[in-house]
Amino acid sequence: MSRSQQINDSAAEAMRRADDAAAESPREGPHPESGATQQQQQEEAAAEAMRRADVAYTMDDDDM
Numbered sequence: 001m002s003r004s005q006q007i008n009d010s011a012a013e014a015m016r017r018a019d020d021a022a023a024e025s026p027r028e029g030p031h032p033e034s035g036a037t038q039q040q041q042q043e044e045a046a047a048e049a050m051r052r053a054d055v056a057y058t059m060d061d062d063d064m
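With the first letter of the sequence shown counted as 1, position 32 gets the number 32 in full-length UniProt numbering; the numbers rise by one all the way through.
Some hints could be false.
What the hints assert, rightly or not - What follows is a list of derived Cβ distance ranges for each label pair:
(1) D20 - R51: 12 to 22 Å
(2) S10 - E43: 15 to 25 Å
(3) T58 - M15: 11 to 21 Å
(4) E43 - A12: 15 to 25 Å
(5) A12 - Q40: 21 to 31 Å
(6) S2 - T37: 14 to 24 Å
(7) M59 - T37: 31 to 41 Å
If you're looking for bench data, these hints aren't it; they were derived computationally from the structure.
We treat Cβ as the ideally placed atom computed from N, Cα and C, and that holds for glycine.
Turn these sequences into a full structure, and let the hints guide you.
Here it is as structure tokens:
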């Protein structure tokens, strides 16, 4: 499997996990430990997935 395909698969898996988390528990009150709402947690998870994908793509570009 090529590096680009691995990056794409990793980003897709991260987004699927964020979607699954959204589907499991609809909007709730603040998370008991962090104080963040479910919506905030999902947005943070999606943002982190995008950051990781961006870093991975940048690293892949550097290898060329």
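The hints, checked one at a time:
Taking the beta carbon of each, D20 and R51 are about 19 Å apart, inside 12 to 22 Å as hinted. Separated by about 19 Å at the C-beta atoms, S10 and E43 satisfy the suggested range of 15 to 25 Å. At roughly 18 Å, the beta-carbon separation of T58 and M15 lies within the given 11 to 21 Å, and the hint holds. At roughly 18 Å, the beta-carbon separation of E43 and A12 lies within the given 15 to 25 Å, and the hint holds.
Between A12 and Q40 the beta carbon distance is about 23 Å. The supplied range of 21 to 31 Å therefore holds. Taking 14 to 24 Å as the suggested C-beta distance range, the pair S2 and T37 does not conform, at roughly 39 Å. The hint said 31 to 41 Å for the Cβ distance between M59 and T37, and at roughly 33 Å that hint holds.
The earlier numbered hint that this structure contradicts is number 6, and it is the only one.
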